[in-house]
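Starting from the two chains in their separate frames, assemble the complex, guided by the hints.
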Amino acid sequence: MSAVIDNHTHDHHGPKKGFMRWILTTNHKDIGAMYLWFSFAMFFVGGAFALVIRSELFQPGLQMVEPEFFNQMTTMHGLIMVFGAVMPAFVGLANWLIPVMIGAPDMALPRLNNWSFWLLPFSFAILLSSLFMEGGGANYGWTFYAPLSTTYAPPSVTFFIFAMHLMGVSSIMGSINIIATIFNMRAPGMTLMKMPMFVWSWLITSYLLVAVIPVLAGVITMMLMDINFGTSFFDAAGGGDPVLFQHVFWFFGHPEVYIMILPAFGIVSHIIPAFARKTLFGYSSMVYATSSIAFLSFIVWAHHMFTVGIPLVGELFFMYATMLIAVPTGVKVFNWVTTMFRGSMTFETPMLFAIAFVVLFTIGGFSGLMLAVAPADFQYHDTYFVVAHFHYVLVPGAIFAIFAAMYYWLPKMTGNMYPEWLGKLHFWLSFVGMNLTFFPMHFIGLAGMPRRIPDYNMQFADFNMVASVGAFAFGITQLIFLAVVVITIRGGKKAEAKSWEGADGLEWSLPSPAPYHSFSTPPEVK
Amino acid sequence: MAGSYYVPEQSSLPIAATIAASIMMLGAGTWVVDLNAGNVYSNGSTIFAVGLAAVLAVMWFWFSTVIKEHQAGMNSAQLQKSYVWGMGWFIFSEVMFFAAFFGALFYVRTFSVPWLAGEGDKGVTNMLWTGFENTWPLMQTPAQALAESTGVITADHVKGPDQVIPWSGLPLINTLLLLSSSVTVHFAHVGLKNGNDKAMTRWLGATIILGFVFVGFQAEEYVLAYTQLGLTLESGVYGATFFMLTGFHGLHVCIGAIMLSIMWLRHRRGHFKPHDHFGFEAASWYWHFVDVVWVGLFLFVYIL
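One line per chain: the protein sequences are E and H, in this order.
In this note's numbering, each number is its position in the first sequence, counted from 1, plus 14.
In this note's numbering, each number is its position in the second sequence, counted from 1, plus 489.
Pulled out of the complex, with its shape left as it was, chain H reads as follows (with noise of 0.2 Å):
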């Protein structure tokens, strides 16, 4: 193995990526920093957009420069590890992403609202919110209690929602679809193991199916709250932490299936040998991560 580790030379991927990724956010901020004084004269958007086409574009090239050199047989056994240590870090900074949005929930449910509303500790804080209460999901915000029982508005007056997501409708069918897709992905890995093409083209065809109508259904849910139930981003901690945790995750769902369709096409051209399929694998241990995550929303946003 002395000597075989695989050094690229040179690479005018990382540059483009981050002249990409530079754009991207240059266009990001400009058009949320137009949006939000007014200005519909704004190229924000385009500029954001050409820079997501061109993230794409390299992550297209820099993922088929890796599977070619793979291909070539450059990857040695040890390359091929870094591989999975990085995939596997990866996905752990992913966790404490979502970790951060959690903790804010639980923050804000154990400490902030009821403090706000009188209880505990700060529990001080009510004097400046009379009238609020402790209510979890928080369907009337301090400020909406503070109008009520004084009559004083403030000027960051914020509306809390109609009604609440009930847990046993649609968030119940997309846990049940996304954990039996965790399971049908697990098959596919299986099938790809044992060298039987069929099971795996199948299986992960549904985990995908699976997976793209958990998005759907995740997206009528947002109509729903915006459109019914008075849910939306602005209504609240509640609306605040509800859309930021189901948000990122829907985001997540979309990025991990389209890793998958990718691994599918893939698998159809042949990529992938019984004992060398890191690529699947990866995207693999993506898909599980995700389901985890809601695991930990359902419980935590839906059901307590």
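Same shape as in the complex, but just chain E (with noise of 0.2 Å):
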């Protein structure tokens, strides 16, 4: 154990050399740059799929692939963006920033945050062989609904399972380690009240996560069980229901859809005060709207399921506290649009991204308030309506908050300004992209298109057409910012301590690049 005797010298150290630093390191700065290439090659692993998808829906009729393989490209699109690109990059972000912004050396437990990571890349190699296996891969939707996902499914789903265990292990471990770090490991003078709000909002994720993701363990080891060792969970027979899986999966699942947006509030709220040059309006109420709707996130899991067969109690309840959640919501976009009003903008990409955000991630809130309403779901539910919901709300939503959060820290990161130019025309074109791919889904869905259908009616052929050219473009598009990420890793012009003229919190009081070991000493927060 000597190595590990020395704990007053290893301040002073920069990075180890060669490839095992990556696979021993507990530097959260490592560990929070491997989580972000690890996302981004799952966006891309993913984005693939979902091309294959659109060139299948081009035009109507089956020419590109199987229908069998056409339900594996939805599933594994599903499962790798949401547990493979979306939520590693949020925990990138949260392993890179968060021990900067509360003035900590680290995260709290390293060791813990280092399997945290290599956990993933394991369970995701396990999770893309079963395509290869006999009976192919995940079919079931990324909802693995029970009997799809028990009776119908095919043999690889046990891996399935297995490796969605392991992805929990690394999100539990990981959700843990932040609350332990934001917690304990704040600079003197950092009360709760005064944290930044990326920070406050990965706290309250934190939360959602240790509570659900254990209820995901426990659905998917009862299928488990249902599938290998006789049990009727979900069988009518032996006096289970097949509804029981969805009542436990989107008791999960709802929690889950907010752990993939409230990191983005965060983000969020730190771009457009920089760029407006003014303080976020409202900072208390960010705070008391992102725990609401963290609350409110808890009971409303049911208005997936409206058109399952509840009772009308239910569909009630669920329906009035689902569209309670467009209150503090709401409260967030006001905050965001006043914080802008009156400010002195800028428009650099990052700003770009967040304001592009802030307008679409509202219409994909309304398209959702639209399906709260239970006797109107019944219409749109399981259409292509709901497809341009949940990705208005993840595409522009999530993922453009994850692009602003990289363009405005990238220069803390690498110590270089990326080529504004080549930012600016990766947001254009994303920009247009992704509301040339999701925007007519809107009217395919409400004219009553269905989802994971490989063929379709000849009347949704247009709209079909123009949401595949937009596909593409907006995958093509990505490549763009590899190379921008790429082409500021290796040089460009050198970033100040202070990036960005209205930049606020203890990240930017760093150097740029920030040092290998961030906060030796807590700075004292006023």
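In case anyone wonders, no lab produced these hints; they're calculated from the structure.
Below, in silico cross-link-like pairs of lysine-lysine (DSS-like), each with a Cα-Cα straight-line distance of 27 Å or less: (1) Lys-557/H x Lys-570/H; (2) Lys-687/H x Lys-557/H; (3) Lys-30/E x Lys-557/H; (4) Lys-540/E x Lys-570/H; (5) Lys-682/H x Lys-557/H; (6) Lys-507/E x Lys-438/E; (7) Lys-292/E x Lys-208/E; (8) Lys-682/H x Lys-570/H; (9) Lys-570/H x Lys-208/E.
Below, the structure written as structure tokens:
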């Protein structure tokens, strides 16, 4: 144990050399960077699957893939984007940013942090390998409803379950680490109500994760037992109920949706004030709104199940509870807009993504409100309207916020400014491509096109063609972002410590790039 | 305290833990799939065993590293607080895991079984399962009722249990055992805090014995259920909820008892001081958690 005794000299070390640095590292910036790269890789894999879907849907009829394979693509696209791209990207940002934002030397439990990361590539290797197994990979939708995922599932479902267990361990350990960091590692003087919004949003997100990922573990364990050991949780013949699956799944699934958006709220709450050169309007109301959204997320799950056959009382309760979420969300949108009001705004790439976030996320929020109306949902359910809705909250919501965060903090991470024109090009092409892809889906959804089906009626052909063109444009555009990141890492204009004129927060008091060990002595926060 | 937070330089423990856990999960998957496909030449169980052994070995090295660091005085008060937060929220996540199974039990009892029997809002489902009645514990499954009243045997014919486990037998004894073990572990803690090593050794020893006796009785109950009562994993949703809840609880008792045993050995080696014994405290928190879950089980699985 001699290696661990030198607790006074390590502050002066830089990173180790070579490949093993990344495997053995306990440094929050290394681990954060690995999370971000992993997420980026998964973004391309999941995106490739989405393009298979859009290729098939370019025209009516079956031309590209077998329906069985189409099902695997929709399923894998969803699973990979949710668990492999969006969640790890936010965890990566949390790892990189939370310690520097709260003035901590590192995450509270650095070795656990490394474990949380490395579980992910392994679990996704198992998940992706199921595509090559006998009977094919996961083909039951990312929501893996029983009995599609039990009675009628391919044998590879067992590997899917174990891969999900590994991912779950990673998420739980990661979020416990974040909670411990935020509560235990803040610089003296940084009270809870002085914490940056990104830290607040991640504190609340971590609670959601610790509360619901074990429920996911529970429901996939019930699946495992039903499939392999003859239990009848989801089988009416034995007194169980397939709807039970949906209840337990969505008790996890709905908070999961907020796990993918609350950190985005936090990011946008940093970027809009910075480029409006004003402080965030209504900081404490932002904190309370985020907490309220998190609380409400636990009591709205059955709005995903309006058409499955739940009692009328349930429909009403879940309808009204869901509509309530619009209130705290409205508070947040109001605050962002008011922050910009009469600000001296400039429109660098992070700000463009952040403003697009506010506008487009609000569109997704409104279509969500439409879906929350139980009687109307009977028309919208399982149509492309739902696909349009959740892609509007996830693509220009979660993913645009991640882009915004990368552009905003990339100077701090790399020490270099990214090429602004390339960033703007990335933004505008993404903006156009994304809207081209998903806006028509509102129309074809309202007209009745069902989701997850590889063929469709002639009447939907035009809009589908537009959506497919948009999807390829959006997909190819992301290579620009890859180029931006690589170019910025390799060089470019040197970034100042405070890379943006209006930037505020402890991270900007560190030099750019931030030193390997950030705050070995905690700064005083006034 | 400035600058004193210990950040380990590099560590091979996490990657070892990842590889071990992945081998274990791959082995488990292969094992289960082969079992289900009737493949007798499966090496899944071997892979699983190797993975499990590796996981245990990594845990051993990881915990001993942390203990050695602590003994070397590298863990500041602030770092120890991180462990406290970590353990607390880990237990909370375990609570939520059990909540999923309790939720399933409540849902089945309150909604799905009455509906299948024609009661309540969605009672119309009964037309698929003529003759099925709402009873709990569920002795006759919908498939059985249908077969009896119409002669139709469904593809997934599920047979209910022959008898129910009475709460007044082994479960009551087990409740008393586990409740008293929560008291004894508290006495051990008090002894430790007062510097009374003997009290700690004895009361903790008693706790561990109570824990393992509980597991023994639980095993006996399972044997009874399978051999005499016809209550199995496959006997409808009653068997499913019963075995999943008690099974995962039993597993957690085993883990808790092993944790306490290690704490007993650590105490014998003089690892704990009256004001510095979070390893033991964490294990005892875990033990109390396992105890509280059992109280819920005893109430909702056995009595009500």
